[in-house]
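4 protein chains.
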Amino acid sequence: MSGNSFGKLFTVTTFGESHGKALGCIIDGCPPGVEISEEEIQQDLDRRKPGTSKFTTQRREPDQVEILSGVFEGKTTGTTIGMVIHNTDQRSKDYSKIKDTFRPNHADYGYEQKYGIRDYRGGGRSSARETAMRVAAGAVAKKYLKQRYGIEIRGYMSQLGPIKAEKLDWDQVHQNPFFCPDPDKIPELEEYMNALRKSGDSIGAKITVVASGLMPGLGEPVFDRLDADLAHALMSINAVKGVEIGDGFDCIEQKGSEHRDELTPDGFLSNHSGGISGGISTGQDIVAHIAMKPTSSILLPGKSIDKDGNPVEVVTTGRHDPCVGVRATPIAEAMLAIVLMDHILRHRGQNADVNSTVPVVPASVNE
Amino acid sequence: MSGNSFGKLFTVTTFGESHGKALGCIIDGCPPGVEISEEEIQQDLDRRKPGTSKFTTQRREPDQVEILSGVFEGKTTGTTIGMVIHNTDQRSKDYSKIKDTFRPNHADYGYEQKYGIRDYRGGGRSSARETAMRVAAGAVAKKYLKQRYGIEIRGYMSQLGPIKAEKLDWDQVHQNPFFCPDPDKIPELEEYMNALRKSGDSIGAKITVVASGLMPGLGEPVFDRLDADLAHALMSINAVKGVEIGDGFDCIEQKGSEHRDELTPDGFLSNHSGGISGGISTGQDIVAHIAMKPTSSILLPGKSIDKDGNPVEVVTTGRHDPCVGVRATPIAEAMLAIVLMDHILRHRGQNADVNSTVPVVPASVNE
Amino acid sequence: MSGNSFGKLFTVTTFGESHGKALGCIIDGCPPGVEISEEEIQQDLDRRKPGTSKFTTQRREPDQVEILSGVFEGKTTGTTIGMVIHNTDQRSKDYSKIKDTFRPNHADYGYEQKYGIRDYRGGGRSSARETAMRVAAGAVAKKYLKQRYGIEIRGYMSQLGPIKAEKLDWDQVHQNPFFCPDPDKIPELEEYMNALRKSGDSIGAKITVVASGLMPGLGEPVFDRLDADLAHALMSINAVKGVEIGDGFDCIEQKGSEHRDELTPDGFLSNHSGGISGGISTGQDIVAHIAMKPTSSILLPGKSIDKDGNPVEVVTTGRHDPCVGVRATPIAEAMLAIVLMDHILRHRGQNADVNSTVPVVPASVNE
Amino acid sequence: MSGNSFGKLFTVTTFGESHGKALGCIIDGCPPGVEISEEEIQQDLDRRKPGTSKFTTQRREPDQVEILSGVFEGKTTGTTIGMVIHNTDQRSKDYSKIKDTFRPNHADYGYEQKYGIRDYRGGGRSSARETAMRVAAGAVAKKYLKQRYGIEIRGYMSQLGPIKAEKLDWDQVHQNPFFCPDPDKIPELEEYMNALRKSGDSIGAKITVVASGLMPGLGEPVFDRLDADLAHALMSINAVKGVEIGDGFDCIEQKGSEHRDELTPDGFLSNHSGGISGGISTGQDIVAHIAMKPTSSILLPGKSIDKDGNPVEVVTTGRHDPCVGVRATPIAEAMLAIVLMDHILRHRGQNADVNSTVPVVPASVNE
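Residue numbers (full-length UniProt numbering), protein chains in the order written: chain R, 1 to 367; chain H, 1 to 367; chain W, 1 to 367; chain V, 1 to 367.
Read the hints as simulated data drawn from the structure, not as lab findings. Take these hints with a grain of salt, some might be off.
Repeated chains share a single entry, so a pair holds when one copy, or any two copies, can fit it.
To be verified - Keeping only pairs whose Cα atoms sit at most 27 Å apart, straight-line, the calculated DSSO-like set for lysine-lysine is:
no.: 1; residue 1: Lys164; residue 2: Lys255
no.: 2; residue 1: Lys146; residue 2: Lys99
no.: 3; residue 1: Lys75; residue 2: Lys164
no.: 4; residue 1: Lys303; residue 2: Lys164
no.: 5; residue 1: Lys54; residue 2: Lys307
no.: 6; residue 1: Lys97; residue 2: Lys255
no.: 7; residue 1: Lys167; residue 2: Lys303
no.: 8; residue 1: Lys303; residue 2: Lys21
no.: 9; residue 1: Lys97; residue 2: Lys303
no.: 10; residue 1: Lys255; residue 2: Lys75
no.: 11; residue 1: Lys75; residue 2: Lys307
no.: 12; residue 1: Lys307; residue 2: Lys167
no.: 13; residue 1: Lys97; residue 2: Lys164
no.: 14; residue 1: Lys198; residue 2: Lys146
no.: 15; residue 1: Lys54; residue 2: Lys146
no.: 16; residue 1: Lys164; residue 2: Lys146
no.: 17; residue 1: Lys21; residue 2: Lys164
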């Protein structure tokens with residue numbers, strides 16, 4: 001397989017450039033009988049789409065999804081689901097500057113060296129616009145996980161630059177444009193982002209995603225452990241530079257007696273492991289964090305070279321997100337949903353005969 | 001594909017349990033003509049093998065590798081390479097306690113729920129012993145990368161519990177049992193580990209791996225980005241809970257003007273991105289960090305349940321590493337080598353015709 | 001991977017139902033820099049499209065392909081190529097009969113048992129209409145093979161029912177609606193097909209495909225031998241029941257001294273092996289034959305059951321090909337092209353360093 | 001994936017050369033809880049092993065299989081199963097002749113052009129000896145299919161040169177060294193083979209394999225149709241040049257009214273389709289035929305070239321099968337078992353929720 005597919009049994013393959021005709025994807029392996037509509041998928045797309053607040057890019061894309069196959073009379077048929085989103089707001093502009101230079105820290109230089117050719121308009125294939133199709137595919141996975149197994153996928157922005165969410169109020173996440181679960185931080189976030197936009201600079205962010213209601217036993221060691229596939233999925237999102245499962249890097253300084261999650265018949269006593277132990281789900285909440293770098297498309301001039309190797313100064317004009325993390329929560333949720341979906345299918349295939357008589361430990365003693 | 005293979009073109013598949021007859025692997029897709037011997041592979045295995053210092057498990061395994069196929073007259077032939085390591089120090093002991101209970105935070109519980117059966121002796125397939133074959137396969141990849149492209153793969157322990165390496169002296173890494181690059185920290189590390197062993201507890205660690213001398217252009221966006229595949233590979237190592245590329249989680253608080261790596265004709269001015277931008281290598285050093293949790297096999301009693309769901313108290317006796325990070329550096333190096341090997345092959349396949357006329361920027365201005 | 005992708009490095013994934021909104025495909029792994037246009041792809045699609053003679057289904061589909069991504073300024077960029085064909089002639093009709101019964105020997109019964117649901121309109125996903133996207137993807141492969149390596153992919157109908165082509169005149173293949181290379185047989189074919197249509201029955205056919213100008217060395221034993229992948233590709237075409245490489249089933253009665261293709265410095269002396277030996281191309285012409293069954297969509301009543309298991313009599317009305325082999329030549333060519341494309345990429349990846357000094361034997365002594 | 005793995009969920013990867021240290025394989029994805037022993041696997045290996053009659057090669061290999069992992073207390077654990085067979089009868093001989101020339105119609109020339117290097121001893125990786133591991137892996141699949149689903153896999157030699165089996169008496173198949181189901185043909189076969197051996201020539205054969213007791217619904221259209229994967233599997237066996245499902249090439253001359261398999265509540269009325277329609281199993285017997293070419297390792301001199309391109313005359317001495325078809329029945333059975341195993345796992349993964357209420361039609365009216 002080349003690199004634009006994800007998942008072994010629930011396989012998502014995408015296409016599309018930032019300023020091309022359309023984005024699209026194919027889902028192969030979706031179970032039959034899942035009730036799904038364009039409207040449901042659209043809900044997740046609307047959460048990701050640009051231009052909904054002044055803190056994101058001002059490109060106006062309705063991101064209207066169209067299902068072309070695989071759904072019949074409102075239900076999936078088990079055959080491939082084709083979906084497209086037509087690009088509508090590709091402003092014609094002068095690309096002569098961007099065409100022959102490489103924005104520092106962008107994919108520009110790598111694509112040029114790799115392929116010897118690139119669609120330079122708006123970043124082409126390397127644009128985060130590509131993630132729209134991940135969200136569309138993830139919406140199908142989410143629906144199945146919820147409907148069939150009661151699994152819930154949620155996410156939030158846990159940090160933006162120096163500002164950390166200190167409360168986790170799930171009801172607040174969708175009440176603000178940042179997906180911030182701590183309502184007390186919203187004024188601070190707004191102020192910070194306003195100042196940032198004026199400065200022409202960008203900032204990093206941290207996103208947290210959680211899956212609840214999962215069964216134990218998902219994951220295919222030794223290489224396709226659930227955490228490994230999840231790290232793959234999350235690190236494949238544009239601008240992600242780090243992935244943590246559970247306590248992540250904090251566990252470097254933890255003792256074993258502190259880190260281990262003790263089990264009792266009434267539930268696990270802690271969840272340092274983020275719901276995955278030995279690469280297999282424990283039934284606790286899956287918790288993962290990602291670090292998103294500050295976008296390099298900024299107004300402040302930076303040093304680079306042109307195609308002939310001459311030094312140039314680059315300023316990125318155009319419409320860009322000053323913090324790509326702001327719209328990233330639905331994308332991370334989508335990737336988590338796709339990974340779980342794929343692993344449920346894989347697990348069922350191999351282990352359909354298993355009837356473990358070992359009691360399932362509740363996710364936590366409080367449940 | 002099920003879960004015990006890694007790599008699309010350079011594919012490593014492994015088998016073997018901690019206390020079974022043997023460990024083994026098959027490498028499929030190794031280029032022909034690579035000079036390789038059991039002795040060379042053994043060198044890397046010896047770096048990982050247990051029992052070489054008092055800070056690791058006292059199990060005595062020579063980890064002697066045998067090449068069964070794919071190498072003829074000292075060179076790889078392009079056909080599958082089969083390798084085995086026979087287990088020699090599986091002490092017969094009484095497993096009656098471990099058999100019916102689940103060590104907290106171990107793979108025990110997940111395996112039981114997943115498969116309904118498990119080889120409980122020494123952790124079976126979930127034992128870190130499995131990583132020996134990764135090191136063997138990685139040694140072949142390393143040899144090719146070095147011989148054919150001059151790419152060097154190195155690693156070190158950057159932190160153990162609260163003790164951080166503050167100097168990076170590559171020559172020191174192999175002068176101490178910790179793979180620590182900072183000689184000033186060795187006494188502190190020894191003291192810490194001695195106290196830890198006495199306490200019966202365990203501790204986490206951080207490992208850093210670096211690839212130097214790489215070409216730009218490796219990586220297959222959007223899902224098989226180089227960073228995504230690397231995250232997959234590294235997170236698949238036992239006990240890893242976090243992966244960072246370059247600045248990783250530090251970039252959350254960085255501004256775009258600070259994070260971006262500017263290019264000049266004389267070289268990149270920084271390497272915050274860890275050598276990967278837009279999922280594609282830039283030609284700078286690849287730098288990745290992993291967080292390893294404290295092993296849960298400790299002498300301090302912990303709460304758990306047995307197979308019938310009754311509460312029990314578990315104490316893990318036997319031979320265990322108090323810090324699995326101590327022996328993890330060669331494993332992380334191996335996975336990095338395998339990922340790069342696979343991506344070079346994939347890149348060559350698709351882009352054999354490309355002759356980019358864009359000058360290659362030196363990895364850093366200092367080179 | 002689920003089942004709607006073909007190829008490891010040059011990967012084609014398709015979607016679409018007979019009477020859905022659209023058909024589509026994604027090509028992942030196409031080398032960059034290939035000059036390709038919708039017009040070129042359309043040429044192959046026009047060779048397959050229905051309704052061009054009275055010997056095929058009278059459904060009128062322009063099969064107009066649209067490229068949505070992956071091609072920029074007339075050249076492939078190395079990123080995924082998305083293509084769609086909108087269905088335009090899906091007659092609304094009464095499906096109440098077909099809905100609850102299973103046409104004998106159709107995919108109907110199997111789909112129902114497999115998925116518990118199916119898009120019954122025109123056969124849904126099991127319709128041969130799906131092959132349009134194979135032809136579109138194959139056109140891209142053909143272009144590359146021709147442009148980059150001078151490899152030519154051709155095909156013809158070698159037999160229809162009892163009528164066998166006895167001459168191979170490549171210039172004639174496109175002068176008749178049957179892709180028959182023997183002009184003397186055209187009147188006979190026309191007469192046969194006219195009688196067949198009147199009888200309401202259908203007939204089988206044999207198609208032969210040939211690749212010329214190939215390099216030796218393609219194929220990845222032991223499982224992904226070139227012949228094995230080709231058999232997979234060709235058998236995956238609707239209605240195919242048999243695949244032969246070279247002499248195929250004739251070799252059962254051949255002696256080794258007769259079958260073996262002797263080599264001389266001036267060329268191979270015969271090509272019984274169809275250009276593949278030991279699973280690897282020899283540089284001779286690849287020759288493969290496929291047997292296509294008579295379609296089961298016929299006007300003659302047949303016994304079947306309905307969804308409740310009751311016996312019913314089924315007559316398939318609607319627009320159908322009386323011989324699906326008539327339009328199958330471009331489809332078989334496309335699959336051959338895709339297989340070769342994929343194998344060239346795979347071969348280059350692993351064996352980029354090989355410089356065999358062994359002289360390449362000409363395909364035949366006559367060249 | 002490179003080319004030495006077969007199967008997506010039940011994945012078999014093999015290694016080993018004819019005259020190397022050992023052959024081996026890894027099965028990844030075997031369901032847990034399957035009772036399996038070396039003895040059971042050995043039974044199938046003994047059916048394939050050389051030297052059991054004067055009609056096969058006189059190489060004496062016990063083909064003793066050893067299970068190295070994945071089986072614990074007599075049952076599979078769901079983890080990878082590693083198996084090896086050590087080569088014991090690799091006669092040291094003078095390879096100077098074979099080393100620098102290419103046997104006509106052998107893999108020699110292709111391997112040399114592909115890899116630039118080859119293990120020339122006994123054909124190396126291209127030797128049919130490799131198929132021993134397929135048989136070992138197939139034995140595990142057969143056991144599961146039988147034990148869990150009551151599916152039976154059987155095969156026989158249907159033709160050797162001009163001699164066709166005219167009766168199908170399953171009890172006879174294992175009463176003669178040819179796997180011939182027609183006892184009346186044995187004297188003729190013996191006479192033919194004796195004469196053939198004296199002449200120093202070889203002959204082709206046809207093998208038929210059958211799976212009985214299958215459920216409808218297996219197969220993953222459009223590319224991984226059950227027939228397509230089966231064609232891939234069977235064509236990957238050394239010396240196979242043709243694959244037929246059901247009536248195969250006979251259907252070219254069949255009418256649709258003749259070919260279609262009518263259904264009644266009491267069973268299918270015929271099985272022209274070989275148990276697969278639209279790429280999906282119907283529940284009827286799967287029937288497939290393969291054509292095996294005469295081996296090119298014969299005593300009669302043939303024209304070829306050496307490594308420098310000079311014309312040479314080649315005579316293949318050594319121990320060879322005059323008809324590779326004689327030992328091929330267990331190999332073809334093994335590949336059929338592996339394909340079905342893989343498809344059952346894939347089907348269960350995606351369609352675990354399906355509860356079709358449509359009655360299952362008996363395989364035939366006679367059952």
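Taking the hints in turn, this is what the structure says about them:
1. Lys164 - Lys255: both (26 Å within a copy, 16 Å between copies)
2. Lys146 - Lys99: Answer is neither; intra-copy 45 Å and inter-copy 30 Å both fail.
3. Lys75 - Lys164: neither (42 Å within a copy, 46 Å between copies)
4. Lys303 - Lys164: This pair counts as neither: shortest intra-copy Cα distance 32 Å, inter-copy 33 Å.
5. Lys54 - Lys307: neither (35 Å within a copy, 55 Å between copies)
6. Lys97 - Lys255: between (54 Å within a copy, 24 Å between copies)
7. Lys167 - Lys303: neither (40 Å within a copy, 30 Å between copies)
8. Lys303 - Lys21: neither (32 Å within a copy, 49 Å between copies)
9. Lys97 - Lys303: Cα proximity of Lys97 and Lys303: one copy only (14 Å, versus 64 Å across).
10. Lys255 - Lys75: neither (50 Å within a copy, 37 Å between copies)
11. Lys75 - Lys307: The answer is between: 19 Å across copies meets 27 Å, while 50 Å in one copy does not.
12. Lys307 - Lys167: neither (48 Å within a copy, 37 Å between copies)
13. Lys97 - Lys164: neither (38 Å within a copy, 45 Å between copies)
14. Lys198 - Lys146: Cα proximity of Lys198 and Lys146: none, with 42 Å in one copy and 48 Å across.
15. Lys54 - Lys146: neither (32 Å within a copy, 50 Å between copies)
16. Lys164 - Lys146: Answer is neither: 29 Å inside a copy and 44 Å across each miss the 27 Å cutoff.
17. Lys21 - Lys164: neither (39 Å within a copy, 47 Å between copies)
The structure does not agree with the numbered hints 2, 3, 4, 5, 7, 8, 10, 12, 13, 14, 15, 16 and 17 stated previously, though it agrees with the rest.
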